[in-house]
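Asks: Sequence:
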Amino acid sequence: ESMQKFSVDINGAVVQDWRTPYDNSGPGILQPGSGTTPTLFGTADDLVGVADTALPRVNAMIYDRSTGAVVCQVPLFRDNESGAENTFIGYNDDFVVVNNAGFTSAFAIQRTIFPGMERHSVRADRSGCDPVWINHDNIANSAQLSTTTGIIYGWAPDPNVPGYDAYYFTGTDWDTGEELFRRYIGNDTPFNPVTGQIHLGPNGSGYIGSFHGVTRVYDSPPGC
1 ESMQKFSVDI NGAVVQDWRT PYDNSGPGIL QPGSGTTPTL FGTADDLVGV ADTALPRVNA
61 MIYDRSTGAV VCQVPLFRDN ESGAENTFIG YNDDFVVVNN AGFTSAFAIQ RTIFPGMERH
121 SVRADRSGCD PVWINHDNIA NSAQLSTTTG IIYGWAPDPN VPGYDAYYFT GTDWDTGEEL
181 FRRYIGNDTP FNPVTGQIHL GPNGSGYIGS FHGVTRVYDS PPGC
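In our numbering, the protein residues as written are 1 to 224.
Derived lysine to any residue pairs resembling SDA-like cross-links, with alpha carbons at most 20 Å apart:
#1 K5 <-> T20
#2 K5 <-> G90
#3 K5 <-> Q16
#4 K5 <-> D17
#5 K5 <-> V15
#6 K5 <-> L40
#7 K5 <-> W18
#8 K5 <-> A44
#9 K5 <-> T67
#10 K5 <-> P21
#11 K5 <-> V48
#12 K5 <-> G68
#13 K5 <-> D46
#14 K5 <-> G33
#15 K5 <-> S66
#16 K5 <-> Q73
#17 K5 <-> N24
#18 K5 <-> R19
Since the hints were made in silico from the structure, they are not lab data.
Using the sequences and the accompanying hints, generate a full structural model.
Replies: Structure (structure tokens):
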């Protein structure tokens with residue numbers, strides 16, 4: 001498998017600008033090949049990131065968008081408990097990846113998804129990447145950053161609750177990776193977003209689609 005960039009020339013023809021192979025030795029979560037939507041980021045708007053499907057750990061693959069050169073290859077999470085199906089969070093030169101390994105299908109139990117969230121920083125000279133923090137206990141397999149609050153808002157069932165999928169809305173500190181809060185939402189399939197992403201509204205609410213529809217979460221007024 002490979003990461004590729006295409007453009008349209010002055011005659012309207014689609015041309016391949018570059019093609020860079022990545023490790024596809026593992027089966028992937030749903031099928032062979034990366035399942036992560038490419039994330040465009042970088043203070044110079046020059047980077048793109050996906051996860052490969054290597055064994056025993058997938059890698060965050062960060063490429064130069066102009067040339068296809070590999071800027072860094074970062075092994076993620078833990079041996080045989082490593083997978084990524086969601087797009088990265090990209091902000092300035094940093095990126096965050098959540099663990100989706102253990103996901104089997106939309107209607108299967110979701111508490112089998114392994115925890116884990118990592119933040120890494122691409123060096124300013126593009127000579128590689130360095131870890132900022134790694135949280136092996138973070139359950140948020142769907143997550144989105146608010147640059148206003150500096151909180152990564154997440155959604156997931158707690159793998160330590162036996163017998164059913166107990167879904168929680170979570171908050172993780174962007175700077176430290178520390179879990180700031182975890183609020184119980186509901187149980188089982190109605191609240192299953194199939195690892196879909198949180199959407200943050202300008203009114204301070206978070207929205208996520210699941211099998212029962214759309215759930216809105218927000219801060220209650222004092223005293224409620």
